[in-house]
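K.L.:
Could you build the full structure based on these sequences and the hints that come with them?
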Amino acid sequence: MIPRQYVHNPLRIVSRMAFSSSAAMSSDNKTIKSWPKLTLYGDLNMRPFRNVWMLEEIGFGYHHVNCKPWSKRAKAVHPLGKVPALLVEDDDNQQQFVVVESAAINTFLGDMTREIESNKRTNDDTINKPSRLLVPPPATRLRAKYDSLTLFIMTELDFQALWIHRKHSDMKNVFGEAPIAVAEAKRQFDKALDAIELELNDESGYLLSSGFSACDILLSNCCFWAQQIGWLARSTSEDEPSSPVAGDTTMPKSLSPKLASYLAQSRRRKAFITANELRKEQVSERKGKEHHRSKL
1 MIPRQYVHNP LRIVSRMAFS SSAAMSSDNK TIKSWPKLTL YGDLNMRPFR NVWMLEEIGF
61 GYHHVNCKPW SKRAKAVHPL GKVPALLVED DDNQQQFVVV ESAAINTFLG DMTREIESNK
121 RTNDDTINKP SRLLVPPPAT RLRAKYDSLT LFIMTELDFQ ALWIHRKHSD MKNVFGEAPI
181 AVAEAKRQFD KALDAIELEL NDESGYLLSS GFSACDILLS NCCFWAQQIG WLARSTSEDE
241 PSSPVAGDTT MPKSLSPKLA SYLAQSRRRK AFITANELRK EQVSERKGKE HHRSKL
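Under the UniProt record's numbering, the first residue of the sequence shown carries the number 1, and numbering increases by one thereafter.
None of these hints come from the bench; they were simulated from the model.
Where a beta carbon is used, it is the ideal one built from N, C-alpha and C, also for glycine.
One thing to keep in mind: the hints can contain errors.
Distance windows between CB atoms, simulated [stated by the list, open to error]:
| id | residue 1 | residue 2 | range |
| --- | --- | --- | --- |
| 1 | Arg-141 | Ala-104 | 16 to 26 Å |
| 2 | Lys-37 | Glu-184 | 37 to 47 Å |
| 3 | Gln-228 | Ser-284 | 11 to 21 Å |
| 4 | Ser-204 | Ala-104 | 36 to 46 Å |
P.N.:
Right, dumping it as structure tokens:
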């Protein structure tokens, strides 16, 4: 395993031309067959955490650039200055490009991992280790379910529910207060979570019958986010406090034993633990800088 690296300064400012169509089609269509240089941009208290978790599951080295949305660093790699953004530098094909959106990044990483490992097994008969199926192969029934669940999570749980709360409650000074929209978003979240909980496989314990996958990272992260804002209970105990946090007047959704078990096994994963420690380190470092500035 190549050790990861965590950096606080970008290796270079990447031109927005990474999003343009000026690159030759022959280069765009080439499959990545060996590990490229990966640089993830974003704050680990936000959606980029999903990508660090995925990168830790894969186990390949990467760089992390800690930056907030709309910052100069973020705008260097994303046309809207949003995070996450993944810079991919493929020396073999002499190209670099940027992947945006947390679900798209994780799907790309899963596909790339499978292709690279498949290429290694083809070139070396001594390699019999099965590919880590974090993202199923395309044009399969399992991939169809993976894509369906991934888009369902991102649209029904993230964009139409949790992000509405984030915009119009946590960031109401920026986007404006909209209590009716937030209340409807909570109702949407409850319905969507009930629906996707039915998709948990009794045998594997995860969303896919093949076991843990990238869509489990998305669902688990959305549930942890909901617990943080008081939309989802943190335990199945009847003594769970009903008072919401952050001034929200909605009641937390109860946590079923099945979902509680699912989230517990996600938290026990080595990659999640490592990613969470990195997030805590980022928070501690930021607090240290703020304390230093306050003394100036």
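K.L.:
Could you run down the list of hints and mark each one as holding or not?
P.N.:
Now for the hints, and whether the structure bears them out:
At about 22 Å, the CB distance of Arg-141 to Ala-104 agrees with the hint of 16 to 26 Å. Taking the beta carbon of each, Lys-37 and Glu-184 are about 43 Å apart, inside 37 to 47 Å as hinted. With their beta carbons about 18 Å apart, Gln-228 and Ser-284 fall inside the hinted range of 11 to 21 Å. Checked against the hint of 36 to 46 Å, the pair Ser-204 and Ala-104 fails, with Cβ atoms roughly 24 Å apart.
Of the numbered hints given earlier, the model fails hint 4 alone.
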